[in-house]
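Take a look at the letters that make up each chain.
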Amino acid sequence: MHRKTLTQLAKGLRTGEFSSVELTRGCLQRVQQFDERLNCFITVTGEQALAQAQAADARLQAGEAAPLTGIPFAHKDIFCTHGVKTSCGSKMLDNFIAPYDATVTQNLNAAGAVMIGKTNMDEFAMGSSNETSFYGPVNNPWDLQRVPGGSSGGSAAAVAARLVPASTGTDTGGSIRQPTALCGITGLKPTYGRVSRYGMIAFASSLDQGGPFARSAEDAAVMLGAMAGFDPRDSTSIERPVDDYLSGLEYSLEGLKVGLPKEFLGEGLDSSVADTVAAALGEIEKLGATLVDISLPNTSLAVPTYYVVAPAECSSNLSRMDGVRFGYRASDPRDLEDLYKRSRGEGFGAEVKRRIMIGTYALSAGYYDAYYLKAQQARRLIREDFLKAFATVDVIMGPTAPTPAFRLGEKADDPVTMYLSDIYTIAVNLAGLPGLSVPAGLAGGLPVGLQMIGNYFEEARLLNVAHRFQQATDWHEQTPPGFD
Amino acid sequence: MALDTTDVEKIAHLARLGIDPADIPEYARNLSDILAFIEQLNAVDTAGVEPLAHPLDATQRLRADEVTETVDRENFQQCAPQTGAGLYLVPKVIE
Amino acid sequence: MNWETVIGLEIHAQLKTRSKIFSGAATRYGAEPNTQACAVDLGLPGVLPVLNAEVVRMAAKFGLATHSTIAPRSVFARKNYFYPDLPKGYQISQYELPIVHGGYLDIEPDGSASKRIGITRAHLEEDAGKSLHEDFQDMTGIDLNRAGTPLLEIVSEPDLRSAQEAVAYMKKIHVLVRYLDICDGNMQEGSFRCDANISVRRQGAEEFGTRAEIKNINSFRFVEQAINYEVERQIAVIESGGAVVQETRLFDPDRHETRPMRSKEEANDYRYFPDPDLLPVEIDQDFLDAVAATLPELPEARKQRFMDEFSLSAGDAGGLTASRDQADYFEATVAASGGQGKLSANWVMGELAGALNKAGVDITAGPVSAADLGGLLRRIEDGTISGKIAKQVFHDMFNGAGSADTIIEQQGLKQISDAAAIGGIVRDVLENNPQQLEQYRNGQTRLLGYFVGQVMQATQGKANPKQVNELLRKLLDS
Chain A
1 MHRKTLTQLA
11 KGLRTGEFSS
21 VELTRGCLQR
31 VQQFDERLNC
41 FITVTGEQAL
51 AQAQAADARL
61 QAGEAAPLTG
71 IPFAHKDIFC
81 THGVKTSCGS
91 KMLDNFIAPY
101 DATVTQNLNA
111 AGAVMIGKTN
121 MDEFAMGSSN
131 ETSFYGPVNN
141 PWDLQRVPGG
151 SSGGSAAAVA
161 ARLVPASTGT
171 DTGGSIRQPT
181 ALCGITGLKP
191 TYGRVSRYGM
201 IAFASSLDQG
211 GPFARSAEDA
221 AVMLGAMAGF
231 DPRDSTSIER
241 PVDDYLSGLE
251 YSLEGLKVGL
261 PKEFLGEGLD
271 SSVADTVAAA
281 LGEIEKLGAT
291 LVDISLPNTS
301 LAVPTYYVVA
311 PAECSSNLSR
321 MDGVRFGYRA
331 SDPRDLEDLY
341 KRSRGEGFGA
351 EVKRRIMIGT
361 YALSAGYYDA
371 YYLKAQQARR
381 LIREDFLKAF
391 ATVDVIMGPT
401 APTPAFRLGE
411 KADDPVTMYL
421 SDIYTIAVNL
431 AGLPGLSVPA
441 GLAGGLPVGL
451 QMIGNYFEEA
461 RLLNVAHRFQ
471 QATDWHEQTP
481 PGFD
Chain B
1 MALDTTDVEK
11 IAHLARLGID
21 PADIPEYARN
31 LSDILAFIEQ
41 LNAVDTAGVE
51 PLAHPLDATQ
61 RLRADEVTET
71 VDRENFQQCA
81 PQTGAGLYLV
91 PKVIE
Chain C
1 MNWETVIGLE
11 IHAQLKTRSK
21 IFSGAATRYG
31 AEPNTQACAV
41 DLGLPGVLPV
51 LNAEVVRMAA
61 KFGLATHSTI
71 APRSVFARKN
81 YFYPDLPKGY
91 QISQYELPIV
101 HGGYLDIEPD
111 GSASKRIGIT
121 RAHLEEDAGK
131 SLHEDFQDMT
141 GIDLNRAGTP
151 LLEIVSEPDL
161 RSAQEAVAYM
171 KKIHVLVRYL
181 DICDGNMQEG
191 SFRCDANISV
201 RRQGAEEFGT
211 RAEIKNINSF
221 RFVEQAINYE
231 VERQIAVIES
241 GGAVVQETRL
251 FDPDRHETRP
261 MRSKEEANDY
271 RYFPDPDLLP
281 VEIDQDFLDA
291 VAATLPELPE
301 ARKQRFMDEF
311 SLSAGDAGGL
321 TASRDQADYF
331 EATVAASGGQ
341 GKLSANWVMG
351 ELAGALNKAG
361 VDITAGPVSA
371 ADLGGLLRRI
381 EDGTISGKIA
391 KQVFHDMFNG
401 AGSADTIIEQ
411 QGLKQISDAA
421 AIGGIVRDVL
431 ENNPQQLEQY
441 RNGQTRLLGY
451 FVGQVMQATQ
461 GKANPKQVNE
471 LLRKLLDS
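From first to last, the protein sequence lines are chains A, B and C.
With this note's numbering applied, the first sequence covers 1 to 484.
With this note's numbering applied, the second sequence covers 1 to 95.
With this note's numbering applied, the third sequence covers 1 to 478.
Rather than coming from a laboratory, the hints here were simulated on the basis of the structure.
The calculated DSSO-like cross-link candidates involving lysine-lysine, where the alpha carbons are at most 27 Å apart (straight line), are: (1) A:K286 with A:K257; (2) C:K79 with B:K10; (3) C:K16 with C:K215; (4) C:K172 with C:K115; (5) C:K342 with C:K171; (6) C:K414 with C:K474; (7) C:K215 with C:K171; (8) B:K92 with A:K91; (9) A:K91 with B:K10; (10) B:K92 with C:K79; (11) C:K462 with C:K388; (12) B:K92 with C:K130; (13) C:K388 with C:K358; (14) C:K130 with C:K171; (15) B:K92 with C:K215; (16) C:K16 with C:K130; (17) C:K172 with C:K342; (18) C:K342 with C:K388.
Stretch by stretch, here's where chain A covers chain B in the computed footprint (C-beta under 8 Å, at least three residues): (19) 29 to 36; (20) 51 to 65; (21) 73 to 87.
Everything numeric in this text was worked out from a predicted model, so none of it was measured.
We treat Cβ as the ideally placed atom computed from N, Cα and C, and that holds for glycine.
Could you put together the complete structure from these sequences and hints?
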């Protein structure tokens, strides 16, 4: 059953070919079998999953199936789940049992999905390799000595290893798309405001978006349909009906204009990735699209801009982790100062502390104009580049990541080198646009991702293009050796 | 912009982060590298550019003034480090 | 060497909404600790703020009533600092683009000349929780019920030059926010708090001196005391060769002095930046027009109208309009009394106020309604009872004996106005007091009062005093 896609599984459940309990048991078995090598899961909610599966089976029998009824999925440990540990990959929240559900959690529950467990992630979503987690790194199923990407490494690896048919992630600078590429699966970051952030522990408020991981565009479309929607509890949530992401999947790509930013083909791009992506673009052309050279002139500003805006926002967002009302509290604090400093000093890892300090510095007296204000101005320039481009093209494409999965520990010592892993994805968050990644081939046995970027709220179009590409190729059906 | 140990101490204090003195030099190095990287932004002319605080041009939605939450204190306090008589407890603060 | 005092006041008025500024939890005062702090108020991981429409309306009302500019676009900003009663580690406030700015209020500090006090800005922000230091050994208890209650922070220009002016300004704001029904002004419960920024300078100096901020003063009396103490302290510091330190101080109401606040000893870098969880608030003319339509007649205008319409003095009109409830009550009384402005004014500020004060009851909760009081005043006007008897009747009404007419009827208090009846009693009194009559005729005209008194006694006070007077004079002077 682990070989079936979500869409196939949903069909099987509806026709009674197998039950959700069987399916869920199957996933739990695979998790037990493989997760020791991968470390995808922080918490496995076996009992709760089986209870959810039973309830799902009852609904299926009564003919009340919703799109995800009975479908197992893994949930990034950044989403609050009532009564279930929600750690955000951090010692700071190691003891935090969330007292409420995130809206995305509620949406997936309402859609009938069965939560297998909470997945491992870079601490507080800060990282591009899942190496900063308090719970240890996640290993890439394609090569256990390599990283799966981050910050949603656990969710991506769990789908790649066929432990679950789908999972959830969050993307602030590439944290869905980059691990998607490194793990050889399909993942999507929606338009900013498409998916509710309520209950999704905040990293950088103006950049964060939740989205799905799956093995195909079709599967991702089903997941996104359940996750998305206006939420009155989130002021940044957009009041706009959720599109039917499935109905337009089959549209022809004839006449589609695809923009290729020349800035995406510069220094730092691994030649094997460049070649693989070029071949994939050839397939897109064969489907009727026209490839157009475009320019996003301010691309080089994206990573520096991000590393002002994101740390600034997170330095403030994480101030609530103070050992007073929840989370880690240092033992025997001498006084209030000691309580704060030791709880936060001991509870947060090094990368989180670094980013809090950069952010604090950027916002501090005398530096606000030079850093934060400047970055927000650069951000507008970056967005304008995209809007200009979308006046002449329909979709923008390029490599998702500059290299395939790198080795564990390879970039961990140099923060700046690590930051550059997100060079193609970050600008998309700064502009708030939707973007997805699909498997485009293998380079040296490791997956390479093709990124597709759309205009605001064009998720349906992106999924359509991805779907047609997946009908003409079979990279998305490849399984890491040992996991099929 | 290179940061020295005093700078790091000041920033860590503002952010209430307890840092082991032995680690401060490495933080100073890393932070300085990051700041040097960020300073690429200085090369760009942004005169007259309106800062973009949100990707969307949306405005704040207003909610009706109604009580919609009933608070289950037990539920919220089960994850609290220390409480007493329904209050969150911290080391005594002197005004 | 003459010193000048410079004062600016920052008033925090809690807006009387049902729910919090950014969450749907209740704002009612006095609940059990932490039973009105929902996930958003507690600052739990993942929660987000959503803005209460009513606070925007209330802020706009205040802006319109103080001739201010209401920003078509205003922004919420985070003020970052660590304190246990501040759950998120930042307060959502407004910094560069407040919702209201550039207004003014005219005050009459000593009842005479008017002085214009600038209102720099009024902005929206959330209140913090409360710290309780007393009940726990070595620990402080935090109650977050108050966290998230909406505040309107009203900042004056440093235009105030004395404690008297400061109190007059503070009182006027207090009256105004209650008139507008945006704040209940209850200082004991903390719904109306004042910080004072105080500095001194030599008379004629151009620059301001270094100021000290005195926080959280919660009564008019304390504001006056705090300012007076602080001014003397600063002058003493400078005159002895020192310099005033810019710092935050607390007023100690038991010792009547100010002292530095420990927790604010270091200057805070608040790292303000626009809150990314909230979008800019846009207000258009339609919104403002709708708010303007809900504005009550403001205290100034109402006072003037009372003076014009009811021929009241500035003092009386001012007194009556000091509270909107009282002004409403007064007008309803006038209407019920058949249009007697002056009489109603005297009674509302006199007998009624006295009785309410004694009983510790608010005018809106008093046992005598405006209609009832008006009814009583009608009976004075139409001669049914005398003013003196009316006071008796009022006392009984206040104690629940019923309407004026009921009491007059039951106790047979109708004034005797029958000329013949009065004439008879007057003649009797004169006959029975020949000595005094003789003295009167010999020039002791003061004895008129004595005769009046005797007639009143004989009639249990019910004789129409005017008629008694007239008749007595007629008979005595004939």
